[in-house]
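Q: The primary structure of each chain is shown beneath.
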Amino acid sequence: MLAGLLAAAGGAGQAQALQRLTVDSFDLSADTASPKVDVPFHLLVRLRVRQHVTQIENLNLPMLAQVELLGDDRETLGSSRGTLYRETITVVAHVAGPMAIAPATLQAIDARDGRAKQWYTNGLTLRIAANGAPAAAASLQFALRVLLLILGIAAVLAVMAVAVMFARRPRAIAPPPVVVEAPPETPLPVVRTQWDVARDALAVLRAERTRAAAVTVRGSIWRMVGASEGETLGDVLRRPDSSDPPMRSLLVALERSAFTYDDDLRAAIDDAGFALERFIETAP
Amino acid sequence: MTNAREPAELRAALGETIVGQEGVIEALLLALLANGHVLLEGPPGLAKTLACRSLAAGLEGEFKRIQFTPDLLPSDIVGTRIFDQRESAFATVLGPIFANVVLADEINRAPAKVQSALLEAMQERQVTIGPQTYELPDPFVVMATMNPLDSEGTYALPIAQMDRFLMKVNVGYPSREEELRILDRFAVADTRPLRAVATLDDVRGWRAQAHGVHIDEKLKRYIVELVATTRSAQDVSVRSLSGAAFNVAELIDYGASPRATLALAFLARGRAMLAGRDFALPDDVRAIAAHALRHRIGFNYRLIAEGVDADSAIDAIVASVPAP
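Residue numbers (numbering that gives the first Met the number 0), protein chains in the order written: chain L, 0 to 283; chain X, 0 to 323.
If you're looking for bench data, these hints aren't it; they were derived computationally from the structure.
Careful, some of the hints might be misleading.
Claimed, not checked - Partial pick of chain X residues on the chain L-facing surface, computed with a CB cut under 10 angstroms:
no.: 1; residue: V212
no.: 2; residue: R276
no.: 3; residue: F278
no.: 4; residue: S319
Stated by the list, open to error - Listing some non-contacts, in silico: residues in chain X with all C-beta distances to chain L over 10 angstroms:
no.: 5; residue: D70
no.: 6; residue: T91
no.: 7; residue: L199
no.: 8; residue: G242
no.: 9; residue: P257
no.: 10; residue: A279
Even for Gly, the Cβ is constructed at its ideal location relative to N, Cα and C.
Could you put the whole structure together from the sequences, leaning on the hints where they help?
A: Structural data, given as structure tokens:
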């Protein structure tokens, strides 16, 4: 779990609207490390805070352009230690291969020091496996089981042989103590700025030039400027965070890519990519 | 956009003649693009006639104004057959409805029979006089007005009749700045006649273009959801003028018809075209939602009894449906 100062990400103006939370843990996991094509699986975002709250605001899910979103289930559990928030996202992948899922983010005021911060979960790297025929999968599983059994028997025999050899040999001089290096310190919190989000968005658009990717990127950029679900472009453009010309151009271009007709989609995505590049160029 | 003359030019020209009233100007243009009719509600003296006359002049079209009164007859609107003594035969005299832009002033002052004649002509776009059926001109836009201040001796339009209007626009008073401009402009002479900036053929071309404006699937679902929410607004609340909260569903007898769904789509397309886009956005739907829903929702007596503004209830419905 990483935390960065929100002010550095240009979000200080929103600090008054943020929840005051003491974040104990914030992580992202999947119920399988190797999901299969066209087989639904779940992503789980877990957030534990010390306060008793009924809902968590300003929690942004990772961009999921490479998978299809099937459902989103939110649960808030209270206990004596605070609140556990769980969000289970049901998704399905349609293409085999490696898939990187960006971290989920949470914007809140850190109750420890009263400063507006942004927390990040870990990212996830999954390998989407091709979904073979059931018979082939069954035979492969059987072969694997046989192989594991043989390897297990061999390992047990080897351990027994080594134990017998040790029992018969004279006591050896104790080896010098092994110096174990201390684990590297946890890296300092990385502040993810709006330009980082824009770079991610550009990567998504370059990887997948589809309407779904455009809509996902649009949602991500809207969350970045503090827009909530259900607002229109007009609402978003009235926000103070949307006043810069590059940002306005970006929002307009993304709106076009989300709603234009199919024949214009590629050109609209090109424009959105160009607008993202221009926005990224404004990074300090 | 392939036409040499754009609807935006007509809008700009109308804006030069009429001070303020952007809502009325936009409503007229949207009705023109969507091939529909407009119902305007507002006090007298708000440039409604001027707007209609200017629209017709801007298109080189014909303008007619009909003042609705309690003694008006259907034949005064659609026309009649008179006996020509010299020819010893009946001749047809076409009524004032045969124009491109028709202002039906104070439509609620005429009895139901007359209203019905006008609304039928608006719907069918043709009129039958005696044995002969006559096509109305194309384009044909009716702008009907109702005065909310003086309701004595009026015949309220039934909802089923109002449903035939594409949109209902509430016209308000101009701002102080706009009123100053009106004073300056009309202090010396009467209004400047509007120069023609487009032709009737242009309008037919614009209409075809507006028809081709793309509405994404997400937007279609949004429109359907908006209209459906007018029929079951249990989760929507609105505050009365005194600040009390009410469930909107309790204030509505019946919601909008599927005609409202079509109207929202037509108007969103038109608005997108006026903005120079060939695809509609959620903002287009939001902007015209109240105009398309206002006269199609059957509010009950509680709305007035509790002091709730009808437009506030519609705004609450629109705000309750998340835009895509």
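Q: Check the structure against each numbered hint from earlier and tell me which ones fail, lowest number first.
A: Failing hint: just 10.
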